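2 protein chains.
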Amino acid sequence: MTYCVGMVLDRGLVLMSDTRTNSGVDNISVFRKMFRWGGGDRTIALMTAGNLATTQAVVSRLEERTKAPADRQNSLLELPTMFQVAAEMGRLLRETVKETQTENGADGKGRFTASLILAGQIKGMEPRLFLIYPEGNFIEASFDTPFFQIGETKYGRPILIRGYDRTMSFEDAVKLLMVSFDSTLKANLSVGMPLDLLVLERDTFEPLHDRRIESTNPYFEQISNSWGAALRNAFHSLPDYSFYQKQDG
Amino acid sequence: MTYCVGMVLDRGLVLMSDTRTNSGVDNISVFRKMFRWGGGDRTIALMTAGNLATTQAVVSRLEERTKAPADRQNSLLELPTMFQVAAEMGRLLRETVKETQTENGADGKGRFTASLILAGQIKGMEPRLFLIYPEGNFIEASFDTPFFQIGETKYGRPILIRGYDRTMSFEDAVKLLMVSFDSTLKANLSVGMPLDLLVLERDTFEPLHDRRIESTNPYFEQISNSWGAALRNAFHSLPDYSFYQKQDG
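For the protein sequence lines, the chains are A and B, in the order given. Under the UniProt record's numbering, the very last position in the first sequence is 249; numbers go up by exactly one each time. Under the UniProt record's numbering, the very last position in the second sequence is 249; numbers go up by exactly one each time.
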């Protein structure tokens with residue numbers, strides 16, 4: 001499995017991904033699921049969930065790795081809008097999934113799929129966040145739904161829904177993501193440390209922060225340890241139930 | 001979908017279930033998923049998740065509804081131990097699932113399944129809690145895993161893991177269950193109000209509480225409204241992240 005979250009804030013974009021891939025519980029590895037391209041007028045970031053061979057193939061095709069290094073041309077750096085970048089990624093994803101499925105006959109149907117979160121900004125336009133489906137189509141984050149999750153989305157979702165605020169600082173957004181990842185890591189063995197973190201400030205075309213958070217990171221340890229106590233305090237701050245007063249309205 | 005939780009406390013057993021069943025999002029109904037039998041030396045409670053025709057058939061067979069009312073004999077009231085009750089329920093569940101699957105040919109494989117949570121106590125023995133699988137086998141709750149969930153288990157699990165304490169009062173257990181159900185109700189449309197609540201005190205063979213919690217229940221509304229604020233307070237009580245101090249240990 002995987003867990004990746006991308007969110008849009010007034011200040012820009014914040015992305016976090018785990019790094020565990022598994023084929024059964026007895027075959028786990030660390031692979032990067034967050035990718036970034038840019039320079040000059042744009043920053044483009046991608047997070048991947050699903051079949052690892054598929055997502056690695058998509059990234060390799062984006063970077064034209066079938067060609068000699070000197071001949072490669074990354075179209076992401078030339079497309080005029082983020083919408084076109086999303087359409088190009090969707091096309092590559094759909095083709096890669098379809099090829100592998102076709103090569104494997106009807107049995108392959110529904111397998112080899114993957115989903116992508118695409119985030120970025122091109123100069124003169126707004127920061128944008130997309131969720132790309134294995135079929136190649138995609139949706140964009142909006143005021144109503146300002147973040148996307150892929151992979152194991154359920155355990156970490158309630159705190160995102162309650163804690164997200166589009167005016168929040170980048171620091172608070174990272175704290176929120178760490179709480180959401182901590183709940184997920186504790187519940188699903190196929191989501192694992194280290195985590196990758198990327199912060200893209202609006203109208204700034206170099207990442208503000210791009211770092212790996214190891215399991216020994218003292219801040220993450222502190223969040224993980226103190227969130228249990230904070231949750232219990234929150235729980236005890238709620239009004240007490242009584243069996244003996246009228247409860248039904 | 002469904003959401004049901006059963007937990008063992010030092011004081012006894014607490015069960016909560018939702019009542020929504022659905023066949024597609026455009027066909028939803030309210031059905032009771034919590035059942036109780038007892039009298040004299042025992043209380044036995046059952047919660048069901050999965051195919052509604054299957055779970056209703058299991059309950060009807062337990063109550064021998066194929067016979068005239070006067071000839072019916074509920075074996076649950078006669079079996080000497082909770083282990084035997086679990087085995088009998090498992091047998092009825094496995095047979096019901098298998099029959100429907102067989103009648104529907106190979107296509108039926110994997111469909112028509114259901115899971116059960118069984119809770120209860122027979123005089124002279126401990127309160128016990130079981131999770132029964134569609135295959136008819138079952139596991140029992142232990143000190144290490146003192147509660148079982150069936151149905152949509154993920155959204156409501158983190159707070160159960162952090163909030164559960166076997167010495168907690170029944171009131172705190174109900175509060176904890178309401179928070180867990182609130183998170184699940186907010187995230188999955190196929191889990192719905194009203195909720196059924198059953199509290200079985202140790203060595204007492206009449207339920208301490210057996211009530212339905214409607215969506216207008218003022219306590220539930222209060223929990224639902226204040227949990228968001230309590231979570232945000234918990235979040236803000238955590239230490240702040242800083243991009244500019246050494247984070248990696």
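Hint data in this document are derived by calculation from the structure and do not stem from the laboratory. On a predicted model such as this, the values are computed, not experimentally measured, just so you know. Don't take every hint at face value.
Heads up, the list lumps identical chains together, so a pair's fine if it works in one copy or across two of them.
[As the list claims (entries may be wrong)] Below, a list of computed lysine to any residue pairs in the SDA-like style, where the Cα atoms sit at most 20 Å apart:
#1 K67 x D144
#2 K186 x I161
#3 K186 x S215
#4 K186 x P69
#5 K123 x A187
#6 K67 x N188
#7 K186 x E201
#8 K123 x T113
#9 K186 x T19
Each hint, compared with the structure:
no.: 1; hint: K67 x D144; verdict: neither (42 Å within a copy, 56 Å between copies)
no.: 2; hint: K186 x I161; verdict: both (19 Å within a copy, 10 Å between copies)
no.: 3; hint: K186 x S215; verdict: within (13 Å within a copy, 31 Å between copies)
no.: 4; hint: K186 x P69; verdict: neither (42 Å within a copy, 50 Å between copies)
no.: 5; hint: K123 x A187; verdict: neither (40 Å within a copy, 36 Å between copies)
no.: 6; hint: K67 x N188; verdict: neither (39 Å within a copy, 47 Å between copies)
no.: 7; hint: K186 x E201; verdict: neither (30 Å within a copy, 31 Å between copies)
no.: 8; hint: K123 x T113; verdict: neither (32 Å within a copy, 54 Å between copies)
no.: 9; hint: K186 x T19; verdict: within (15 Å within a copy, 29 Å between copies)
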